[in-house]
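So the sequences go chain by chain: A and B.
Just so we're aligned: the first sequence equals residues 1 to 421 in the numbering used here.
Just so we're aligned: the second sequence equals residues 1 to 421 in the numbering used here.
Hints are computed from structural coordinates only; laboratory data are not their basis.
Be careful, since some hints might not be right.
[As the list claims (entries may be wrong)] Here are the computed lysine-lysine pairs in the DSS-like style, where the Cα-Cα straight-line distance is at most 27 Å: (1) K306(A) <-> K372(A); (2) K306(B) <-> K372(B); (3) K413(B) <-> K306(A); (4) K269(A) <-> K279(A); (5) K409(A) <-> K413(B); (6) K262(A) <-> K279(A); (7) K413(B) <-> K279(B); (8) K413(A) <-> K269(B); (9) K262(B) <-> K306(A); (10) K262(B) <-> K279(B); (11) K279(B) <-> K269(B); (12) K279(A) <-> K372(A).
Protein chains: 2
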Amino acid sequence: MAMTATGPGATTARPFGPAVALSCRECGERYELGPRFACEFCFGPLEVAYEFGEVSHASIAAGPASIWRYAGLLPVPANVAELPNMNPGLTRLVRADRLAAELGMRTLHVKDDSGNPTHSFKDRVVAIAVEAARTFGFRTLSCSSTGNLAGAVGAAAARAGFGSCVFIPAGLEEGKVIMAAVYGGRVVAIDGNYDDVNRFCSELIGDPAGEDWGFVNVNLRPYYGEGSKTLAYEIAEQLGWRLPEQIIIPIASGSQLTKIDKGFQELIKLGLVEDRPYKIFGAQATGCSPVARAWEQGHDVIQPVKPDTIAKSLAIGNPADGPYVLDICRRTGGAVAHVSDAEVVDSIGLLARTEGVFAETAGGVTTGVLRKLLAEGALDPAAETVVLNTGDGLKTLNAVEAGVTATIKPSLKAFKDAGLL
Amino acid sequence: MAMTATGPGATTARPFGPAVALSCRECGERYELGPRFACEFCFGPLEVAYEFGEVSHASIAAGPASIWRYAGLLPVPANVAELPNMNPGLTRLVRADRLAAELGMRTLHVKDDSGNPTHSFKDRVVAIAVEAARTFGFRTLSCSSTGNLAGAVGAAAARAGFGSCVFIPAGLEEGKVIMAAVYGGRVVAIDGNYDDVNRFCSELIGDPAGEDWGFVNVNLRPYYGEGSKTLAYEIAEQLGWRLPEQIIIPIASGSQLTKIDKGFQELIKLGLVEDRPYKIFGAQATGCSPVARAWEQGHDVIQPVKPDTIAKSLAIGNPADGPYVLDICRRTGGAVAHVSDAEVVDSIGLLARTEGVFAETAGGVTTGVLRKLLAEGALDPAAETVVLNTGDGLKTLNAVEAGVTATIKPSLKAFKDAGLL
């Protein structure tokens, strides 16, 4: 593969900042930082290993209003904020007192990632992958996507001066398709579901045709995944450098959940937050709940499923990080649960009418699981809790039953006659 | 009208912060701060008058990552960030080097207000109006809207615990209708255009039925309008406390343009930026360009038009602040120009493929006018320029011609056969 730093706007001095190696999550084998993603010995996933320098509350606070304030904890160059990227992150942590009151909770926050540039958390992970692609000299950015990622890659590639070609399952929501295509890259729909798209991409990456392509969630995956750590950093900083006691995270591949846990652990080790217990809860839609099923049955192995849910951004039937999710939820005293599509729709409405947050279906899944686990007694209503909304309601309009209350002539009489006062 | 501070979460001590009166923009007559919007003597519009206290770069930098960092310059209480509101603002100022290169410019920035909670600049103005409504004891928030405002009011009302009833012209984009309705308030479509909706609201506000209603853009308009000043403050702060040399602003009612000018003037008077010349340019769609027509013809009076453009968020045929816009563009050495719907669509694509910013039609209007005025020599390509994108492409999907490049079977052969490499 192309390894020289010749990509658009390449940097040379310590392009990966504090990152020092790739390391196999299964056997610990270490590799030089490069476009690899699987261990040559045990085929385990590779992840980024660091030797962190000095990072303090003050050094972070002095940084930019984006994920780059945490550059010292990410595999990116120190000058990353000056490079042409999307500058995602530092989205709102919304104090949700009205929703908390309705659910009988004491302290609840919504981490609302719809405020990112393309309105999902995917801007975070793509931003890291783009910097790696620049360093490795790739020319085309690519991905398999359930929708949000396609838009994030399209936008980031345009801004950074890469070509792009993204792969999505046929039949995605119109908003997600247009948002992927508007940036001018190629958008290829695959007859099949996300898991078919993913298999196709693995085939392409082994072919000479894909040689100078950076697949953000395949050969750039170790870098890409690190972007989700920034959710952990931001939540802790926005709580006043404190970990939440409970957090509800959606599960697609499961990567995001594992990286938020990794982020919390790093903050503890660096002394940036107090080491106190936190519980991580995973959330799936019933129509694609392989991890929740394994949790219920006490299994360590995930049985793949064929997804059938309106929560398309979570519709990964064979989630690669499922076993790690089970480990983390067990270790922290959390749980993995699922809610029906009807509960997803109802929960989107609940979040909107109490807090003014219009969530994507994935946010309906987490809010639904929050409500369900509270009712079951698995969540403590008195503990400080954060629920994630990782996407935007505008991209899943079909999931919402809302429209005009009435259409009337422009007169006071017509208004009064319509009984709308 | 209800004047006691009994609204949800009301504050009592200096609820309007540095604001001291309402003052008529025409005759200068002053009024106590209240839910008034027109001068009793000359019918001129009222605006907020201030006695500013100590405001410094440091005091602003120490504030929250929202418009409330400028609370000392707005008609809001000092503790406004603790009240249940949407905390809009501090959206990205995107350095647009690739777009600048394509247009032959030296330094260009896009102020991208799609990052606001409901993805338009309207969250800024509504946030101020909500605080006034709280103080005045209103129970229902309302507005006439071309779409974006309806969503912003619905969300803000939900979060702040008000009821809401918003009025929109029939036939708005689906995304805007759903976004207005999802927060649980009433959404009433009016058979007619925005100007009909506006007239209807004026009728309702004079009726006892509307007595405890806060119409954010009618009886709360003096407060509401001040929210647009925050665009000026943010742009100056994000440029390192410097005014841009040229700025392109969309014109609907014209209020936003006048308030950005007011914000720049305040910063100069307070010594927060150097007093240097800046030029303000107004942008309209050809299908609703009454201010641009008046500019072309050298008139001071705006001839109302019947709007016919895809830029529905700018489709106000009788813009109240049109004459003030003409004054400001003349005084600063700017201009007012218009572009066709075809140019709007093309400019949305240009901005997306160069900078990864997916703009609403209004952003296509400003980008189109930028390109047009550069070609005509009315804009200086060497001067530091800011172009506003005030809304989100996801809400005007119909305006975009983009979709999948191809649909294929999940195989490498199908991909290669489709000629997509």
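Against the structure, the hints come out as follows:
no. : hint                : result
1   : K306(A) <-> K372(A) : holds, 24 Å
2   : K306(B) <-> K372(B) : holds, 24 Å
3   : K413(B) <-> K306(A) : holds, 25 Å
4   : K269(A) <-> K279(A) : holds, 18 Å
5   : K409(A) <-> K413(B) : violated, 58 Å
6   : K262(A) <-> K279(A) : holds, 13 Å
7   : K413(B) <-> K279(B) : violated, 56 Å
8   : K413(A) <-> K269(B) : violated, 49 Å
9   : K262(B) <-> K306(A) : violated, 58 Å
10  : K262(B) <-> K279(B) : holds, 13 Å
11  : K279(B) <-> K269(B) : holds, 18 Å
12  : K279(A) <-> K372(A) : holds, 16 Å
In terms of the numbered hints stated before, the structure departs from hints 5, 7, 8 and 9, listed from lowest to highest.
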